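K.L.:
So you can see what is in the structure, the chains are spelled out below.
4 protein chains.
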Amino acid sequence: MGMVGGGRGAFIGAVHRMAAALDGQIELVAGAFSSNPERSKASGEDLYLDPRRVYRSFAEMIEQEANLPEDERIDLVSIVTPNHLHFEPSKLALEKGFHVICDKPLCFDLTQAYTLKKVVEQSGQIFALTHNYTGYPMVKQAKAMITNGDIGAVRKVMVEYPQGWLSTLLEATEQKQASWRTDPSKSGIAGALGDIGTHAENLAEYITGLKITSLAADVNTMVKGRLLDDDNNIMLKFDNGANGVLMCSQIAAGEENDLTIRIYGEKGGLMWRQMFPNSLEVQWLDAPKQIMRSGGAGLYPEAEKAQRIPAGHPEGYLEAFANIYKEVARQIQDRMYGEEKESTDYDYPRIEDGVRGMEFIYKVIESGKSDRKWLDM
Amino acid sequence: MGMVGGGRGAFIGAVHRMAAALDGQIELVAGAFSSNPERSKASGEDLYLDPRRVYRSFAEMIEQEANLPEDERIDLVSIVTPNHLHFEPSKLALEKGFHVICDKPLCFDLTQAYTLKKVVEQSGQIFALTHNYTGYPMVKQAKAMITNGDIGAVRKVMVEYPQGWLSTLLEATEQKQASWRTDPSKSGIAGALGDIGTHAENLAEYITGLKITSLAADVNTMVKGRLLDDDNNIMLKFDNGANGVLMCSQIAAGEENDLTIRIYGEKGGLMWRQMFPNSLEVQWLDAPKQIMRSGGAGLYPEAEKAQRIPAGHPEGYLEAFANIYKEVARQIQDRMYGEEKESTDYDYPRIEDGVRGMEFIYKVIESGKSDRKWLDM
Amino acid sequence: MGMVGGGRGAFIGAVHRMAAALDGQIELVAGAFSSNPERSKASGEDLYLDPRRVYRSFAEMIEQEANLPEDERIDLVSIVTPNHLHFEPSKLALEKGFHVICDKPLCFDLTQAYTLKKVVEQSGQIFALTHNYTGYPMVKQAKAMITNGDIGAVRKVMVEYPQGWLSTLLEATEQKQASWRTDPSKSGIAGALGDIGTHAENLAEYITGLKITSLAADVNTMVKGRLLDDDNNIMLKFDNGANGVLMCSQIAAGEENDLTIRIYGEKGGLMWRQMFPNSLEVQWLDAPKQIMRSGGAGLYPEAEKAQRIPAGHPEGYLEAFANIYKEVARQIQDRMYGEEKESTDYDYPRIEDGVRGMEFIYKVIESGKSDRKWLDM
Amino acid sequence: MGMVGGGRGAFIGAVHRMAAALDGQIELVAGAFSSNPERSKASGEDLYLDPRRVYRSFAEMIEQEANLPEDERIDLVSIVTPNHLHFEPSKLALEKGFHVICDKPLCFDLTQAYTLKKVVEQSGQIFALTHNYTGYPMVKQAKAMITNGDIGAVRKVMVEYPQGWLSTLLEATEQKQASWRTDPSKSGIAGALGDIGTHAENLAEYITGLKITSLAADVNTMVKGRLLDDDNNIMLKFDNGANGVLMCSQIAAGEENDLTIRIYGEKGGLMWRQMFPNSLEVQWLDAPKQIMRSGGAGLYPEAEKAQRIPAGHPEGYLEAFANIYKEVARQIQDRMYGEEKESTDYDYPRIEDGVRGMEFIYKVIESGKSDRKWLDM
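Protein chains in written order, with my numbering: chain A, 1 to 377; chain B, 1 to 377; chain C, 1 to 377; chain D, 1 to 377.
Watch out, some of these pointers could steer you wrong.
The list treats identical chains as interchangeable, and a pair is accepted whether it falls inside one copy or across any two copies.
Within a straight-line C-alpha distance of at most 30 Å, the following computed DSSO-like cross-link-like pairs (lysine-lysine) qualify [said to hold, decoys possible]:
#, residue 1, residue 2
1, K267, K117
2, K305, K96
3, K186, K267
4, K176, K363
5, K224, K91
6, K305, K176
7, K224, K267
8, K237, K363
9, K211, K237
10, K224, K211
11, K369, K237
12, K341, K41
13, K211, K369
14, K96, K363
15, K267, K176
16, K91, K176
17, K369, K267
18, K305, K267
No lab work stands behind these hints: they were computed from the structure. All of these numbers come straight from a predicted model, not from anything done at the bench.
Make the full structure from the sequences, and use the hints.
P.N.:
Take a look at the structure:
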């Protein structure tokens, strides 16, 4: 694997590396870790890489790796840069015959999203997007329960993603994570909405199997001086008639990273909370609430396959993240050995999820400015 | 005290009686427990009342009690009937010189609400509305913290009241509680919204001290055949620029009575959950979350006054409910002894809260039918 | 009802009064609220009692009430004094034909306990001991589940009662609650053990239906200058071969009143926690954990009978306490009308529980001083 | 790194591999994965190892790797076999100049323990024992708080490790994990006590910095036909006068892996629960309880160093386990570059912890058979 971005001081690059390493299926051997060649080099040294494979730019990496013999060159490019630097390396990597794992949201704007979708389709290469929260075993259990009709038809979806770390104008201090996320030239048209709102949207559609058909949004910038939204309330309608609310905020003071979803069906309800990810609360109309547990009794195979260790040995964010890498690695390997299964056999978010997320961003921002209540999506 | 409604089989009547009895300040001595005189009589016997003071109708009770010598007659009427039977007994009781404690929502329609407000003002009598959830000590602590600026200016309010007991068409079985609540001739124009949504609205305004200025509502009837709303999502704007979401639902399968409020300010956040009412979670931008506890350390006097027993001895719904009766009893007694304090010294919901709730109901229902996003309140 | 003790400033007296009032079955009409006649009088006034029935001593109350006509005099005496003042009023009341509800532990020493047991038996009167924690609906559910074999034979019982309020030498400040509880002339031979350890012992035997047959105790006084134990660890053996641990401490800094019991059987386990009393966690060998809820689905009649309001409307300490008064009132009434059922039909703790608690205290204190590991009980 | 044990179907071997891989500091290049050479070979293939470095026995691996040039051979041996196969590979590896990371408990019997301690000391090599639970950031926070006197002198320690998976005679089904753990020829003299009790003992001494000085044990075999203990209650005395209870059980039906510790000091208390490892509850005599969080505010550097990702991104069992590997890797690297710090600068469990655990096992088993209450340790 080769990495684009993720040099010294980056957050999500280290996450991708740990996720890739965890299962021993993927080895990081190359990288263009920074647009600053010196920093890229230094980062490569930190990671014990062969200096010849630490490149000055993503273009250099992709070109030169493509020229290596097939059994030496990387087969996968991991893209962990800010939003405005997703599109070009993804496109180039795909066109040069590499598979791609890209951080979310998909890219800078909707035009790029549609273009990239075509590039992926034409390339035939694997493209995965790290909507990592769908990697948790109990999220897969929730999805399987709904697919199997356990709680009946879904009627209501409450999904929220509150954080509090942007309660002050942190970007004014040049804090790295805050700076690019609140900068329209790097993040695109959305702030909190793109950073975390798309996770919430993706999670809701992934678990329920439903599609959002219309929405009414209250898009807010609560901290004076901020250039993008930092807080959103969005009412939702789904294609089966269900309703819902999506809230995402980065000014929810004191909140860490509390992505939570509750789904109510005709016969029961589900609750999952990312900060305590090994539990899934399942409640019923006429029976006591149950606490399903990762590694525990009563799970569907989809959940069991996604866990590594027994119940009570907590798995976390990195393990869920690694499930995307693991599934991609499995597909690459199967393809290599001519044993590739149906596409649906591999469980990771794809280009379609990325396009959907971009469309969601655009529709919410439009709704936020509109006097009309419901906008179709 | 005399009671209107609350005969055999009623739910809220028994609650009022236990709440009134708890602190030994109020004695139930009269009642018109049912529109059916036989049932009223039987209910009075259950309660060991003097048969002469068990009446055939609220009018009879109020008239005859008013004719008793001052030191024998009741001074307070408790009204625990369905919504459409709040107005008339309240009005008559007030006009005949009795104080009134009335169940919520205030009455059947907005016209009645405005009329009753005038009656209360003209009578000079005490009128309390049992928005009982504001009676919890930790709700009072939350209010005091916000008043004192502990979490800074409020930016966001998430309040929700999910129940699941109307997930099926329960009214078709003639279940008593379901029947009148889903019947427009008894409940008025709203179902879940009036029954529990007004509690959520009242709680949010009570704790924050803010007023809702506009709203955008998604009003739903999710169970086929039901005549009133059973599920609502409402986006809110408050008078200080804060935003919010109010969700109330009676089709949230598996939920009991999970009224929950989260308030985010510039410096911290608060979370209170009715089902675990003795705790208040307080979180900060730069310090660990705290769990404040009823009877515990660090509370404001407003909270301390509202609790009866030490920390770790859980108080519940009845104790909170009783706090309304206790405050009303205190005011009656102070007035009797010529020691009445400022009106704000007595902490219970009033006619204004009731009118506000009725206005909220009407605005939400209007918004639900409107294509316009924001309606002013 | 007449009360002995519970004057101004007392804690448990007010609890008994609220518990007695809650269900409207019992009326407080007489009292000897303090050994100080002035204080007794003042307390009676606070409670709106007829001054003629506010007495200067328990003896006076019992004698004079016994002389009143049958339909005027009290039928029940509630004794809410410190331990050393339980025996004499109980004995006198029983001998004069009154029923008794007495606070725990039963009395000052074991000799008194055995004597009182005889007095109760000879009197034929009702005698209840306020081991109030057995009054919670979910405790009754736990007991019923074990009786019905739901979790198989019990193998292990972990019961603990940690408090932190005596972490300092509070008695040196003359704080009223601390003073008598740590004074051997008022509490007897035990401190924390008698005050809270007996609750834990009673709860364990009540729920499991098992008897402790031997024990090994570590009896500690952790705060310098204290005259009685403030912390105990006790290993237990039960009559069916199960083992257990009982911990009670009043120096568990930061703990409120966290009585908790976990019971493991061959097929599953139960967990109940007094501070969150409306839930009972039920776990299974091969199925997800369940959260049973007061007022919720799947309960035995024993639990349903003990609750007053629907699920999600939390009941607390006072409601559980009131269940003892309610059951005693029911038995008194049934006896009055010649409709008394089998003794086991009335669910409240009795003289036998009190004697058992005193024996437990004596055996633990003996064990604490012994080099031998197991002492038989 | 070379691995001894951990072939196909093993549990803890895979854990060690993921832990070693996570931080990209250690590479698995060799192994003797099974005493069955065919299975060892197959396991090596699964792991993409060079077949020449997949050995038929640990002895072969150690001998042959020792003969490789210094820059090619492994520097670390990871031993993940059952207890009876810890001693010999550890001893040989150390004597041949390799560092060792060994699973717990240290070895089969106390004699081996004392011998191995000498071998470690004579070798000068690094020896780490995977008492992995001490690797959690919030465990390190707890330790630092006590070291810094935040909760005052420790008075009481409640530590427990309940599991339920051996509630039936699982070993009769030849389930692999159950079989060796209940077999005296593989586990030694203890069952649950060695498997999980030593974790609890190690955690208590690690966090408090105290030493157990005497104990009184109730050692039980609750499942008929089982050959070793499956359930223990142990009363403890510590060297500063504190008392405690250690409970470990594998017949606590329905429990997963609920290692929990509560520590009460003069000024406050701490609670940490392995199944929700990112939180540390901190309670105070006169202030509200706090919830400290991994990655959150108010932590000591010892905790901050041990975490990888921000608050709210849950870390789990593997990350804590990996902290041992990371610290060992850091020491190896420092030594390699001549920059080794004080031994205490590297935070992982050592041979002394292992010997202590073995002494604890022996003393508890002795106590279980003794009529004397307290045995000195």
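K.L.:
First find the shortest C-alpha distance between K369 and K237 inside one copy, then the shortest across copies, and answer within, between, both or neither for a cut-off of 30 Å.
P.N.:
Answer is both: 19 Å inside a copy and 15 Å across each meet the 30 Å cutoff.
K.L.:
Please sort K211 with K369 into within, between, both or neither, judging by C-alpha distance up to 30 Å.
P.N.:
Classified as both: same-chain Cα gap 23 Å, cross-chain 23 Å, threshold 30 Å.
K.L.:
Since the copies are identical, ignore which copy is meant and state whether K305 and K96 lie within 30 Å (CA to CA) inside a copy, between copies, both or neither.
P.N.:
neither (33 Å within a copy, 40 Å between copies)
K.L.:
For K237 and K363, with the copy left unspecified, which applies at a CA distance of at most 30 Å: within, between, both, or neither?
P.N.:
For K237 and K363, both the intra-copy (13 Å) and inter-copy (21 Å) Cα distances are at most 30 Å.
K.L.:
30 Å Cα cut-off: does K369 pair with K267 within a copy, between copies, both or neither?
P.N.:
between (37 Å within a copy, 28 Å between copies)
K.L.:
For K341 and K41, with the copy left unspecified, which applies at a CA distance of at most 30 Å: within, between, both, or neither?
P.N.:
The answer is between: 28 Å across copies meets 30 Å, while 39 Å in one copy does not.
K.L.:
How do K186 and K267 come out at 30 Å by Cα distance, when the copy is not named: within, between, both, or neither?
P.N.:
Classified as between: cross-chain Cα gap 28 Å, same-chain 45 Å, threshold 30 Å.
K.L.:
Within a copy, between copies, both or neither: which one fits K305 and K176 at a CA-CA cutoff of 30 Å?
P.N.:
between (37 Å within a copy, 20 Å between copies)
K.L.:
What label fits K267 with K176 when the C-alpha limit is 30 Å: within, between, both, or neither?
P.N.:
between (46 Å within a copy, 22 Å between copies)
K.L.:
With identical chains treated as interchangeable, where does the CA-CA distance between K305 and K267 reach 30 Å or less: within a copy, between copies, both, or neither?
P.N.:
both (26 Å within a copy, 27 Å between copies)
K.L.:
Classify it for me, K96 with K363: is the Cα-Cα distance of at most 30 Å met within a copy, between copies, both or neither?
P.N.:
Result: close neither inside a copy nor across copies, 33 Å intra and 59 Å inter.
K.L.:
Under a CA distance limit of 30 Å, which applies to K224 and K91: within one copy, between copies, both, or neither?
P.N.:
neither (37 Å within a copy, 49 Å between copies)
The structure shown violates the earlier hints numbered 1, 2, 5, 14.
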